[in-house]
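Participant: These are the residues of each chain, in order.
Number of protein chains: 2
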Amino acid sequence: MTIGIIGLGLIGGSLGLALKKLNYKILGFDNNPIHRSAALKYGLIDKGVADIELLLNEAEVIIIATPVTAIEQLVTTLLRSSRSDQVLIDCGSTKKSICEIANLCPNRDRFVAAHPIAGTEFSGPAAAISDLFTGQKMILCDSEKSNKRSLQIARSLFTELGMELIYMPSDEHDIHLAYVSHLSHVSSFALSLTALEIEKSHEQILNLSGSGFASTVRLAKSNPDTWKSIFLANKENLLVAVKEYQNQLSNLQKALENENSEELLKLMTRASEIKKILK
Amino acid sequence: MTIGIIGLGLIGGSLGLALKKLNYKILGFDNNPIHRSAALKYGLIDKGVADIELLLNEAEVIIIATPVTAIEQLVTTLLRSSRSDQVLIDCGSTKKSICEIANLCPNRDRFVAAHPIAGTEFSGPAAAISDLFTGQKMILCDSEKSNKRSLQIARSLFTELGMELIYMPSDEHDIHLAYVSHLSHVSSFALSLTALEIEKSHEQILNLSGSGFASTVRLAKSNPDTWKSIFLANKENLLVAVKEYQNQLSNLQKALENENSEELLKLMTRASEIKKILK
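Protein chains in written order, with UniProt numbering: chain P, 1 to 279; chain R, 1 to 279.
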């Protein structure tokens, strides 16, 4: 089977690498010709194509792994031009807006909305890792709107990659991800901005940071374009999450201001219960 | 040489383990008798003592690795009872209040104020790791107030552990650490509280979290007692850092609210520059 991948960054590149290992033939397209040739050089794809049309002619499965804004645009064009034996899968980190657009398209049933819970803070073809998806979760959204064959092909590909499949309505997906992924990115970007701001007046401050700072600020290294698209696509849910985060921050701040040792301990003890959930 | 360690948690336990490997004789004291016997069982110490007096009788070097509040209390008592051939070293994560107290004590020059930039989110004797300090930084504060011999012994011990020594006034230390460590903990505690709050109404939400959430929330697993002491001891600096963090968060929030794509991208691009500093 020939699989076409659009977008050859961390996700698309890692998919190419892993699916090539499983003996699929991988065609790759990326708007950026440098990414396309890098993907070929790193062995992420078998062949690079300079035009999405060519990919659509040859591939039976087309995976879109671009930023969310580009997915929203591509879904319409690709579904319209697709053949009945083709499957279109996206890998966007938000799902509601993408599914809403797909619902208005002809051939909606050839589309499978997917989100792999996998990634690193690195981006571009050089960041691709062959086992990025092994043992990770793949969320399939609004799967009742995909036809049986498309869904079956998508499921079997992801299962072959060693992923655990989870089914969920796209609107619920976006609420949950606002809390367990998008908010983490906001907190990390803000932490980096804070440290860089103070760094201006206190040279070398970051030299003193340890693994704790590295861990909390890691996501700020993520691709700003990718994450701008995700934040905007999940604006409403993310703003609710940010507001709750600001409330919790302000509770800690007040307890500290008042030197309310008991309240501080209560809040931190409650927070530390996360270790019962995340081992 | 016999070294006495007071506080047999992550830091004290790891010091015991590493110094034992270097053939020092390690005596250990912990307020909690269960920690004391666990430290002996795990081989973190050669001998547990039930009374700090006994440790003070036998050890030439005494290292305090308790929460900051307890260090503030112990420094006075121990300096007062110390002999001229003894060295007292603390490992607290804040330094200004501890040094201020030490400055009022007799035998101030037998004291070396130290802070190892090393740790994990785990605590207690079971969390001890023999190479926790290898290749890490050790900050020595107000070292001009220690006598030559004490400073020499402390430096040589930490160098033997493979640590890089950095010298700094205690007040500067506390400002810097507020930004590159303590604030990270506040952000992580608040993130955990936010996720747990929403978890109440959305079951299983944390099941969907990936490595990004795990990384940003990791520090919330830290010992609440330890961190309560640190936050209170560095209250003023930490509140300034939290305020700047809230400003940065609010800038991101406003850009998102207004769907100001350009501003969002600008902020996130600036934030992502942290990767030039932290590789």
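Treat the hints with caution; some may be incorrect.
Heads up, simulated DSS-like pairs for lysine-lysine below, C-alpha to C-alpha not over 25 Å straight-line [unchecked claim]:
#	chain 1	residue 1	chain 2	residue 2
1	R	LYS47	R	LYS25
2	P	LYS235	R	LYS276
3	P	LYS235	R	LYS47
4	R	LYS243	P	LYS200
5	R	LYS137	R	LYS266
6	P	LYS137	R	LYS25
7	P	LYS266	R	LYS200
8	R	LYS41	P	LYS200
9	P	LYS279	R	LYS200
10	R	LYS235	R	LYS254
11	P	LYS243	R	LYS20
12	R	LYS235	R	LYS200
13	R	LYS47	P	LYS254
14	P	LYS41	P	LYS21
15	R	LYS200	R	LYS20
Distance ranges between label pairs, derived from CB positions [to be verified]:
#	chain 1	residue 1	chain 2	residue 2	range
16	P	GLU58	R	LYS266	47 to 55 Å
17	R	ASN57	P	LYS200	47 to 55 Å
18	P	SER261	R	LYS243	42 to 50 Å
19	P	ASN207	R	THR159	15 to 23 Å
20	R	LYS243	P	GLU273	25 to 33 Å
21	R	ASP131	P	ASN147	50 to 58 Å
Calculated directly from the structure, the hints in this document are not laboratory data.
In this text, a Cβ means the ideal position worked out from N, Cα and C, and glycines have one as well.
Participant: Does each hint fit the structure? Answer for all of them.
Facilitator: Consistency of the hints with the structure:
{"no.": "1", "hint": "R/LYS47 / R/LYS25", "result": "holds, 9 Å"}
{"no.": "2", "hint": "P/LYS235 / R/LYS276", "result": "violated, 29 Å"}
{"no.": "3", "hint": "P/LYS235 / R/LYS47", "result": "violated, 58 Å"}
{"no.": "4", "hint": "R/LYS243 / P/LYS200", "result": "holds, 17 Å"}
{"no.": "5", "hint": "R/LYS137 / R/LYS266", "result": "violated, 33 Å"}
{"no.": "6", "hint": "P/LYS137 / R/LYS25", "result": "violated, 49 Å"}
{"no.": "7", "hint": "P/LYS266 / R/LYS200", "result": "holds, 18 Å"}
{"no.": "8", "hint": "R/LYS41 / P/LYS200", "result": "violated, 48 Å"}
{"no.": "9", "hint": "P/LYS279 / R/LYS200", "result": "holds, 19 Å"}
{"no.": "10", "hint": "R/LYS235 / R/LYS254", "result": "violated, 28 Å"}
{"no.": "11", "hint": "P/LYS243 / R/LYS20", "result": "violated, 49 Å"}
{"no.": "12", "hint": "R/LYS235 / R/LYS200", "result": "violated, 31 Å"}
{"no.": "13", "hint": "R/LYS47 / P/LYS254", "result": "violated, 43 Å"}
{"no.": "14", "hint": "P/LYS41 / P/LYS21", "result": "holds, 16 Å"}
{"no.": "15", "hint": "R/LYS200 / R/LYS20", "result": "violated, 47 Å"}
{"no.": "16", "hint": "P/GLU58 / R/LYS266: 47 to 55 Å", "result": "violated, 40 Å"}
{"no.": "17", "hint": "R/ASN57 / P/LYS200: 47 to 55 Å", "result": "holds, 51 Å"}
{"no.": "18", "hint": "P/SER261 / R/LYS243: 42 to 50 Å", "result": "violated, 21 Å"}
{"no.": "19", "hint": "P/ASN207 / R/THR159: 15 to 23 Å", "result": "holds, 19 Å"}
{"no.": "20", "hint": "R/LYS243 / P/GLU273: 25 to 33 Å", "result": "holds, 27 Å"}
{"no.": "21", "hint": "R/ASP131 / P/ASN147: 50 to 58 Å", "result": "holds, 55 Å"}
Violated hints, listed in ascending order, are 2, 3, 5, 6, 8, 10, 11, 12, 13, 15, 16 and 18; each of the other numbered hints is respected by the structure.
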